[in-house]
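Enquirer: This is what each chain is made of:
Protein chains: 4
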Amino acid sequence: MLLKDLRTEVLEANLELVKRGLVLYTFGNASGIDRDQGLIVIKPSGVDYDQLRPEHMVVTDLHGTIVDGNLKPSSDLDTHTLLYREFLTIGAVVHTHSEFATSFAQAGLAIPPLGTTHADYFYGAVPCTAPLHDEAIAGRYVHETGLAIVNHFKQHGIDPLAVPACLVNGHAPFAWGRNAHDAAHNAVVLEAVAKMAYNTLTLVSNHTGVSQALLDRHYFRKHGAAATYGQ
Amino acid sequence: MLLKDLRTEVLEANLELVKRGLVLYTFGNASGIDRDQGLIVIKPSGVDYDQLRPEHMVVTDLHGTIVDGNLKPSSDLDTHTLLYREFLTIGAVVHTHSEFATSFAQAGLAIPPLGTTHADYFYGAVPCTAPLHDEAIAGRYVHETGLAIVNHFKQHGIDPLAVPACLVNGHAPFAWGRNAHDAAHNAVVLEAVAKMAYNTLTLVSNHTGVSQALLDRHYFRKHGAAATYGQ
Amino acid sequence: MLLKDLRTEVLEANLELVKRGLVLYTFGNASGIDRDQGLIVIKPSGVDYDQLRPEHMVVTDLHGTIVDGNLKPSSDLDTHTLLYREFLTIGAVVHTHSEFATSFAQAGLAIPPLGTTHADYFYGAVPCTAPLHDEAIAGRYVHETGLAIVNHFKQHGIDPLAVPACLVNGHAPFAWGRNAHDAAHNAVVLEAVAKMAYNTLTLVSNHTGVSQALLDRHYFRKHGAAATYGQ
Amino acid sequence: MLLKDLRTEVLEANLELVKRGLVLYTFGNASGIDRDQGLIVIKPSGVDYDQLRPEHMVVTDLHGTIVDGNLKPSSDLDTHTLLYREFLTIGAVVHTHSEFATSFAQAGLAIPPLGTTHADYFYGAVPCTAPLHDEAIAGRYVHETGLAIVNHFKQHGIDPLAVPACLVNGHAPFAWGRNAHDAAHNAVVLEAVAKMAYNTLTLVSNHTGVSQALLDRHYFRKHGAAATYGQ
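The listed protein sequences correspond, in order, to chains E, R, Y and G. Take the first sequence: its position 223, counting from 1, is numbered 222 in numbering that gives the first Met the number 0, and each next residue is one higher. Take the second sequence: its position 141, counting from 1, is numbered 140 in numbering that gives the first Met the number 0, and each next residue is one higher. Take the third sequence: its position 168, counting from 1, is numbered 167 in numbering that gives the first Met the number 0, and each next residue is one higher. Take the fourth sequence: its position 8, counting from 1, is numbered 7 in numbering that gives the first Met the number 0, and each next residue is one higher.
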């Protein structure tokens, strides 16, 4: 079976989303990429999670052409492929409609870095894209969704691995990482961070975030050459 | 046993409500209709969910006269029968007191379409009925509850399958669908949508909803001849 | 064993509170009364719920004198006994620190009847007592807690079976009923009603409650000679 | 094995945090001290909770020098050791990013004593430290975190066993107790108290807390020579 290990990793990332309560029914999808072969493994569309097996995963090239698989890929495929083409350091993408991250996306609000939990994973605010124009919605909508993410990161000079998630305005979050495990992990932490940001902002509405010094301290504790966290 | 398959489907819809945390104790009820025979299968009143069996379901005609069954039907029967008589395309009705949808009903507020999760299922706001007059409450109350729903949909020209749910003012939601599975599914998604709407509106109180273009895009992605979602 | 059946009923009521998520650790307690013998069965203080057996229950008379049992009774005993002495129609009392009912008690706010879920169980607002004076707190505090409840009901002419719960200001709820099963059931529904009232009031802060007609309709549907709910 | 019993107690305290939903992934850590030997047992950094065994615990002296163990200790070690050096009556320390306590820490708000649940465990507000200066963050950050806690308690004359928890500004809570069981218990109750304080303050924003008389009554009911709670 083509890309057997990657299929298993992508399946496990999908199931992690279910286990952590981030998806309802068939909402949500995860994918991973084999950069050497330029092939993407993605969840099929609308299949129950408890029936998903590695062989159900769909394999496409970087432009979404199906290379292997009998099922239709996730309807969000074109967002995934664009992220892989534009963010060359990422190895996996996850999309959920998790409750609190989606609520911020619906509100059109970025999630400001309000504490160290956030800073341990996201080096600055998790941004929210600009709303799509009607033409973009009526046109190549799923592709345009990816463009809105990519454009925001490029215009603001954000490293996708330093802030491995983005809220799509009026829609829901995308998260990513070096591999499928990390992408799912980031999506789970994003939801926890969003929940605490919701609580914090409903207690103190004008909070804008922690200091740059705290962001630096926590982010570099877990990332980069000087990281000290874990074994 | 009369309508054996429909009894099983209606029972499964009732149990899905329990599994998803939408009902407490014996709150909530689901029914389904056999349009050919003009017969309705509905949950009995006040029976514990873990004791419910297909043979406990009550069969009535379209005006609520019991055709088969020894137990009393759900006390909300007259709302169900009216919805079946007036909304000819629906095949099942579900009623719950699920937490967030009920909170909007208690607030007398429609749930505006704040994002794509909503738009995937409800083509516009999930409306809230006008409060009942005292005479309606003291009179044929359960029937009047159905009338309030039907009148709202007719006056606003809403297709019941395009917006398969309604909040009853000061009471709780009703949802429906082509069959019992869909009706329960819609009730579950309604609760998720209501929860995220609550979060969104408590972050940004003056949000009125996404664009018509986004509503169109998401709704028609899942519904109608051009639907592309799922297998 | 003295009062074997009542011990079992009281134990089951205590465990129902755990099952429904109303108590943390050893918080909360339930009791029941045998009116013929004038004897009360109550949970012992500070014993883990998973170790509770019928023989651990403490039996006291109506003034709290221990008649049977080696363990100390719940520290809230004097509130229970006063409620039994003053509310002659009740057969059981339950006390929890359930999250949302306690939050209203801490806010010093009654829970207004905002919808039919409330009206099905509580015929009007669930009241909140006046704060205790410092002398009452420093004196017979647990007894004074009961007095605050009883005084509120007497001064406002509320039938304890029509509104089978009260919030103690700055403390938490007490609920009761004809028997231990009903008292625990009322405590569970109170928490659900409090949660939805919280949501409703944070959406629409000036909501004062549903009409008297709706209160009448729902309350009498489930209570009294003309009740139509259930089998 | 050195300090076998303490290792087991500390492990159990760590697992209690998981069981009660206070930690996500490898967030959170607990430690305990053997005062006679001057040795601290602490959770290793970044190890999955379901793989933790007593032999994985790390033993250090009061200044954080590792005495026994092959794994790296929790990255929060220097906060733990400082608390043990300065708060001589405590026997264990717990750190979590539990949702509501962390939300108050992010908001920079103390948790005021809004009811008896709080008063049973915390004799006054659970304080929130002042934000750290950039130099402290860039310097001995984990040590400075402990200093911020200790300085607050000393400046305000708070007995660490009377208020066995503190919120670190922009970070999360620390809790402690006479032993590992008590420290974990206090962390769990702190989260419940924080959740109810959140609800209370979003209902009544200007609430400042219960009376000193109520604080006294409840605190001394459970603590000190005149305690009457439990067996």
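Some clues are possibly wrong.
[Stated by the list, open to error] Partial selection, computed: residues in chain E whose CB lies under 7 Å from chain R:
id: 1; residue: SER44
id: 2; residue: SER210
id: 3; residue: LEU214
[Said to hold, decoys possible] BS3-like mimics (lysine-lysine), calculated; alpha carbons at most 25 Å apart, straight line:
id: 4; chain 1: R; residue 1: LYS194; chain 2: G; residue 2: LYS221
id: 5; chain 1: E; residue 1: LYS194; chain 2: Y; residue 2: LYS71
id: 6; chain 1: Y; residue 1: LYS71; chain 2: G; residue 2: LYS18
id: 7; chain 1: G; residue 1: LYS153; chain 2: G; residue 2: LYS71
id: 8; chain 1: Y; residue 1: LYS194; chain 2: G; residue 2: LYS221
id: 9; chain 1: G; residue 1: LYS194; chain 2: Y; residue 2: LYS18
id: 10; chain 1: E; residue 1: LYS18; chain 2: G; residue 2: LYS153
id: 11; chain 1: R; residue 1: LYS71; chain 2: R; residue 2: LYS3
id: 12; chain 1: Y; residue 1: LYS18; chain 2: G; residue 2: LYS71
id: 13; chain 1: Y; residue 1: LYS153; chain 2: Y; residue 2: LYS18
id: 14; chain 1: Y; residue 1: LYS71; chain 2: E; residue 2: LYS18
id: 15; chain 1: E; residue 1: LYS194; chain 2: G; residue 2: LYS221
id: 16; chain 1: G; residue 1: LYS221; chain 2: G; residue 2: LYS194
id: 17; chain 1: R; residue 1: LYS221; chain 2: E; residue 2: LYS194
id: 18; chain 1: G; residue 1: LYS18; chain 2: E; residue 2: LYS194
id: 19; chain 1: R; residue 1: LYS194; chain 2: E; residue 2: LYS18
id: 20; chain 1: R; residue 1: LYS194; chain 2: Y; residue 2: LYS221
id: 21; chain 1: R; residue 1: LYS3; chain 2: E; residue 2: LYS194
id: 22; chain 1: Y; residue 1: LYS194; chain 2: G; residue 2: LYS18
id: 23; chain 1: R; residue 1: LYS194; chain 2: R; residue 2: LYS221
id: 24; chain 1: R; residue 1: LYS18; chain 2: Y; residue 2: LYS194
id: 25; chain 1: G; residue 1: LYS18; chain 2: G; residue 2: LYS194
id: 26; chain 1: R; residue 1: LYS18; chain 2: Y; residue 2: LYS71
id: 27; chain 1: G; residue 1: LYS221; chain 2: E; residue 2: LYS18
id: 28; chain 1: R; residue 1: LYS18; chain 2: E; residue 2: LYS18
[What the hints assert, rightly or not] Pair by pair, the computed Cβ-Cβ distance ranges are:
id: 29; chain 1: Y; residue 1: ASP33; chain 2: G; residue 2: ASP4; range: 38 to 48 Å
id: 30; chain 1: Y; residue 1: HIS55; chain 2: R; residue 2: ILE157; range: 42 to 52 Å
id: 31; chain 1: E; residue 1: ASN69; chain 2: G; residue 2: GLN50; range: 51 to 61 Å
id: 32; chain 1: G; residue 1: ILE65; chain 2: E; residue 2: ASN69; range: 51 to 61 Å
Just so you know, the hints here were simulated from the structure itself, not pulled from any lab data. Don't be surprised by glycine CBs; every beta carbon is placed ideally from N, CA and C.
Enquirer: So which of those numbered hints doesn't the model satisfy?
Expert: As far as the earlier hints go, 2, 3, 4, 5, 6, 7, 8, 10, 12, 13, 14, 15, 17, 20, 21, 26, 27, 30 and 31 are violated by this structure, in ascending order.
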